[in-house]
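Protein sequences appear in the order of chains A and B.
With our numbering applied, the first sequence corresponds to residues 1 to 78, in that order.
With our numbering applied, the second sequence corresponds to residues 1 to 331, in that order.
Fair warning: there could be bad hints in the mix.
Sample of chain B residues at the chain A side, in silico, Cβ under 10 Å [what the hints assert, rightly or not]:
hint, residue
1, 163
2, 225
3, 312
Calculated directly from the structure, the hints in this document are not laboratory data.
If you're wondering where the values come from, they're calculated on a predicted model, not measured in any experiment.
Yeah, the Cβ is synthetic: ideal placement off N, Cα and C, and Gly gets one too.
Residue-level listing of the chains:
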Amino acid sequence: MTESSPLDRARAAKAHAHAVFSKLGDVVGVGITTIGSKYGLKINLASPLPTSTELPTEVDGVPVRVEVVGNIRKQDSE
Amino acid sequence: MNIDNARGLKASLLENVMESFAESSAVRSLGIRSQKSDPGKDALRTMAIGISGKGKDHQLAIRLQRRSLEDHPVLTKIRKQAKGEVDIKYVGRILKLETAAKLQKRRRPLVIGCSIGHFKITAGTLGCFVRDRSTGEILILSNNHVLANENNAVAGDAIIQPGDVDGGKKSTDAIGNLRSFVRLKKTGKNLVDCAVASIKQGIKSDQRKLGTFGNLAGLGLEVLVDGTQVRKVGRTTGETKGRVTAFELDNVVVGYDIGNVRFDDQIEIEGAGSNSFSDGGDSGSLIIDKDRGAVALLFAGGDQGGSNNKGLTYGNPIRVVLDALKVDLLT
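Chain B extracted, bound-state conformation:
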């Protein structure tokens, strides 16, 4: 059919067919169900209708988020009206991505990946929630340079969400206090850049959700070799995917405000496709494997290198981080 016919048919179907099928479920969704629910009708709001190309011509396009809709009577009616010129595809569940813009806003409950920081720094990322091995208290995990201002902080200092650069204020946005950190050493080797903060009473948190990737599954792969697929949710670049390019990396020289700091036994990652895996503000992000197991804590990066030349990202192995802070993942 030509484009005008496709547009006309789409409008007609939306008005006459979809509305009549969906009407009863839409009404029910506002109140207590007084009659048996029809899952087929409820599911209609997960069906999208549009137009797609067919050679030089056009056809109606239907996209389904539920397989159960493939047998729904509304589709029989649509096929009939479109005289078979319809492209129906199951696309799976479509979720709202945790975009960077949302992660930079004030988030209550607190979420993994949101903007956070010691009140004197710009902003970093809330990595995840952990449990203190001796007290059982639930704490926030991120980097030393995010929660402890590169050693220039004391336990009890205010942690704000969002971070200062995202508009967070100590007076109104303090969500917890620095609890402890591993000091960054200017000489000799470091293994981790990490710190934990307490959460103020009354501040709620969504402790397991990793954006649209799903819930944190626990500790991930112990041996992380090159080629391993990884992901993260971070304050600046949001949800990204990448792959490990090198492991057990020694003599990694990282620039801090306190000067160059050397790290041993690190993990190197490149972004997937044409994207970088991380950027400034993603420090503190938890890096997970494809099964949502935690593998590393993101802390540094550069803007050169990688097969797409979008720069490389560096992470501390998560088991070393957890042992150094004497905490366990909350899963």
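One chain only, chain A, in its complex shape:
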């Protein structure tokens, strides 16, 4: 059996990461990005979490980075 690539491992961890972080806050996106020198997951949150929240640093062995991106809106003119 061939070992999966780092990119495939990041892809495979997306759904689980979404489930994990949705229990902690308002997730508005889970994507792939480079963390250090390997593929990891970027978790976008609509608002900051309480400072006491313990955030996982990896999911299924894939590194995770969390960013507060606010609310995302369609971009027609206001």
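Assemble the complex: chain A is given as a structure, and chain B must be docked to it using the hints.
Relative to chain A, chain B alone:
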């Protein structure tokens, strides 16, 4: 030289040296050339003259848009009069930027990046021109929420340029009609926010030019990883540059008038330097890579996040958009 001497020399050179060299070419440019052209003289209008700092002092500054001017006799004369106190630099071709203000005006021919919209919406951006795979007709590409009012439209509805918020009127500024769109689903996942419109007969369009970036080269990078440099021309922020910060982004929750809509497999971008990549009104912009290949269709954004904290922009991968609408890029 001191600042007064530099100013005096600049005025004298503009009046006596530049004018005498440029005179014949200026006259010729008004009519049919009756004698052999001198490219060196014609090029003088691409030479700028000013003043620059030199330590605590000043010197004459010459900026050239053509390398051929470096050997022009006018420069020999200027060097001599300035007694060598001149800073000459080749700066390349300087083009007028497609500023946001210009893109919000009525544009004929239609241009990529200009204000456009279904007559009931505020305004978005004309992304690019595409060809229908079955009929060969040339159409305008933008978002569903720009051309089809978030599903609340029917084929044939008027599309106006500029958009309503920029003064466009259905009676005088209709440039085409909604042709088709991919419905936004309120439940389940969406991949695209896109629509196409026809162009009314007689409305001309500049179908390949992406502002001052050059002409659209076709489809761009298929695999768009973080760090990829991108650009766009849009109605609100004009020409901007940025970089991909994440790809294959799922569960992107975007606020629409119809409610929150979820997208999978999206691209995330941050603006370069201290600028945002996009803002409200840029929806529909075509996102291109550094080789002017199309990579995504801009549709959403926020005002937080990114390394400069100017917010992040989201785009649908362009290949998915084109397949969903059964159209091809016009290149």
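Hints and how they fare:
A distance limit of 10 Å between C-beta atoms decides the matter here; for residue 163/B the minimum to chain A is near 7 Å, and the interface restraint holds. The interface hint given for residue 225/B holds, since its Cβ lies 8 Å from the closest Cβ of chain A, which is under the 10 Å cut-off. A distance limit of 10 Å between C-beta atoms decides the matter here; for residue 312/B the minimum to chain A is near 5 Å, and the interface restraint holds.
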